[in-house]
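Protein chains: 2
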Amino acid sequence: MTQMEAAKAGRITSEMKTVASYESVGAEWLCNQVAKGEIALVKNENHQGVAPLGVGGGLRTKVNANIGTSTDASDLEQEIEKARVALEAKTDALMDLSTAGDLGLIRRRILREIPLILGTVPIYEAAVRTVQDGGGIIHMKPETLFDVLIQQAEEGVDFFTVHCGLTLQSLERLKKQGRLTNVVSRGGSFLMTWMIANEKENPLYSEFDHVLEIAKKYDVTLSLGDGLRPGSIADATDRAQIQELLILGELTQRAREANVQVMIEGPGHVPLDQIRTNMQIQKKLCQNAPFYVLGPLVTDIAPGYDHITSAIGGALAASEGADFLCYVTPCEHLKLPNADEVREGVMAARIAAHAADLVKGVPGAVEWDYAMSSARRNLDWNKQIELSIDPVRAAALRKSAAPKEEDVCTMCGDFCAIKLVNQTLLGSENE
Amino acid sequence: MTQMEAAKAGRITSEMKTVASYESVGAEWLCNQVAKGEIALVKNENHQGVAPLGVGGGLRTKVNANIGTSTDASDLEQEIEKARVALEAKTDALMDLSTAGDLGLIRRRILREIPLILGTVPIYEAAVRTVQDGGGIIHMKPETLFDVLIQQAEEGVDFFTVHCGLTLQSLERLKKQGRLTNVVSRGGSFLMTWMIANEKENPLYSEFDHVLEIAKKYDVTLSLGDGLRPGSIADATDRAQIQELLILGELTQRAREANVQVMIEGPGHVPLDQIRTNMQIQKKLCQNAPFYVLGPLVTDIAPGYDHITSAIGGALAASEGADFLCYVTPCEHLKLPNADEVREGVMAARIAAHAADLVKGVPGAVEWDYAMSSARRNLDWNKQIELSIDPVRAAALRKSAAPKEEDVCTMCGDFCAIKLVNQTLLGSENE
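So the sequence lines, in the order shown, correspond to chains A and B.
Heads up: the first sequence runs through residues 3 to 433, numbered per this note's numbering.
Heads up: the second sequence runs through residues 3 to 433, numbered per this note's numbering.
Certain hints may be false.
Where chains are identical, the list cannot tell them apart; a pair therefore holds if satisfied intra-copy or between any two copies.
In silico DSBU-like cross-links for lysine-lysine, where the CA-CA straight-line distance does not exceed 30 angstroms [unchecked claim]:
#1 Lys421 <-> Lys143
#2 Lys406 <-> Lys143
#3 Lys385 <-> Lys177
#4 Lys10 <-> Lys202
#5 Lys177 <-> Lys285
#6 Lys421 <-> Lys178
#7 Lys178 <-> Lys385
#8 Lys177 <-> Lys421
#9 Lys202 <-> Lys421
Quick caveat, the hints were computed from the structure, so don't treat them as lab data.
If we strip away everything but chain A, and leave its shape as in the complex, we get (with noise of 0.2 angstroms):
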């Protein structure tokens, strides 16, 4: 029984109330939320040692880590060290997006060794394997991608991302449309590909129903995949981008009469003005699905910085409704992140992510600003610290300028306006 039918059924399963603690929200209210899904608890039932993860409106907004291999990089224990470091960081999910190497090897160490919700791409070793046999990915069978599912949701992968509304109606939106940068997402371009020199439909979309029954079976949450998203500020909203949401709207409510949880994912490359627009339409066109953005990102020339650019759309997105932010790295555009950058990542989203919870009402949210400022204002450092979203960074910066007098900071120095006024107040107080 997956989630979603026990939550139909009203039963509150231990999955729902390990959550609704967690997130201290109320178990029948979440039971509610996941019924209609509008809320997913992504969990395999085959993931051991890893607590399930509720990502949609209401909760506590969500930051997830891509690690894995390429062809240009392909040290399996790198990318463990990758892992660890963003669990380190507190991010609450991986994507294993690896595509060189021992493609079941990596992910079988990261589901064994590190207690995180895992999420995966399966196109990827579909075509990693067609091209491992000789053929290019216009050769990929559609059996071998169905058997990467299975196995993969066998083996406890949390969720897919899975492409299933790059469809031929989507494609011909997209030659229509005429657009700057076509398609910039790896597992789009494959499916593209294929689609155009087989002349044949996405096997994702044409098969979907087979889909379904892999993912219930072990209650694999669908992360649906934007193919189209747009990958420059020109591109954003097109014809396009919506064509594809469109077909996953429909595609939602399928799986959700299939007792499947879905979540829909997102740009991009997003103007600012163009941010509460996009969270809007995707929670009508799917029916409040839970969001999954990528950035995004609010302008195209900050290559070395993307984390922030990501962070500013991030922010804005989760506040209008965005429920779970990739991360970006300081590197995307430029190369594979390395530990550090990864951890720069993690830390960027994850202030994005409580900037908007701030202001979606999440519990706890507003109160860790209010006991921060308290320590600020008590210039009270050690607790500054602790409360820092990295402490080890505060820490260390803290610690790299050390002041004459240790209640203020090298910043103002003896001209510390919080303590001149502590002192104003104080006196003026006592009059």
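Fit chain B to the supplied structure of chain A, relying on the hints for placement.
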């Protein structure tokens, strides 16, 4: 004759021509905006070797970097170095916030050596002189403050932060409000302490005509400071903040009548859902005066990353009407920044400003992103690096991880979506 005086007489000055050409706007339109006080042309007549800086609606969003000594870190050469780094990182303006060492020497060297518009907070020097003369800040003589204003204006300082709205009435509101973090503005804390101890009105308010007279002589722009800006999320948009803003609105009107240019300084720490309101109320209460914001920081809990918390707030603020962003460095709330941190702060603020310019319709903004994404689509790496907001960092990151095939990057290696799609679409077009 000040720029505003000339503008009111319909005279298009050489400064207006310079700014109009630089901003790709019409000189007549600009002249009209300067006459109304909706754009400030910031430049002291005595400041040689520097172009005037246009700040206000319809122009590119500008960025300011703060440098300056504190009693804990008082090395003149280091501050000059930071000013140079900020210039190289393409800040639009500098503020010298020095409070230790030979303040006059530091300021004059910056004015002479760094070709950037320079602002100061004159009460800092007045406070330092008072302390050097053996008194506490409560012993500051108003004459000392006005002497400083006169001297700095003569030397060529382009804009003054003057906390003229921190009046006895504002302090009354502050007391009745009951804040978490009372006053976090350094200048504000000096004035408040002085006012409470001496039971006197703020001389920058009671003698505002004198302030105007000094500013007018050299066309110094007054940046009306927000001594009561919120220093925590909990204190945002409270009665104390808005009381001060009301007074700044009245003073804006008086300054315009006296042909003195003003900008208004704004918060501070502001949650995401109050930023639009803050921008709108400032523009209304101060009759569309240029708005110069510090941050705003959208959460209190991220010391070590406040360049990011403020880039989030700054981008949203600028897209909603802020005209000038004061940078915040990664070590805000922890220590005085070093040169690297200054650079990081400028870049984060420039990203926020540009993300806003994309949606403000600023000439050239959309074109920059389009050119970058064209280069990306064409896998033209030299062009991508050249067009990056920080070509040095982009080049270094790319160089640190060379791919086997030069046309891709190590993120996706052989499985580069753009490369595959270019091939697929080319193939499909050739069919």
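Consistency of the hints with the structure:
1. Lys421 <-> Lys143: Classified as between; 22 angstroms across copies, 69 angstroms inside a copy.
2. Lys406 <-> Lys143: between (69 angstroms within a copy, 28 angstroms between copies)
3. Lys385 <-> Lys177: between (57 angstroms within a copy, 26 angstroms between copies)
4. Lys10 <-> Lys202: neither (36 angstroms within a copy, 69 angstroms between copies)
5. Lys177 <-> Lys285: within (26 angstroms within a copy, 44 angstroms between copies)
6. Lys421 <-> Lys178: between (63 angstroms within a copy, 21 angstroms between copies)
7. Lys178 <-> Lys385: Classified as between; 28 angstroms across copies, 58 angstroms inside a copy.
8. Lys177 <-> Lys421: between (63 angstroms within a copy, 17 angstroms between copies)
9. Lys202 <-> Lys421: between (71 angstroms within a copy, 22 angstroms between copies)
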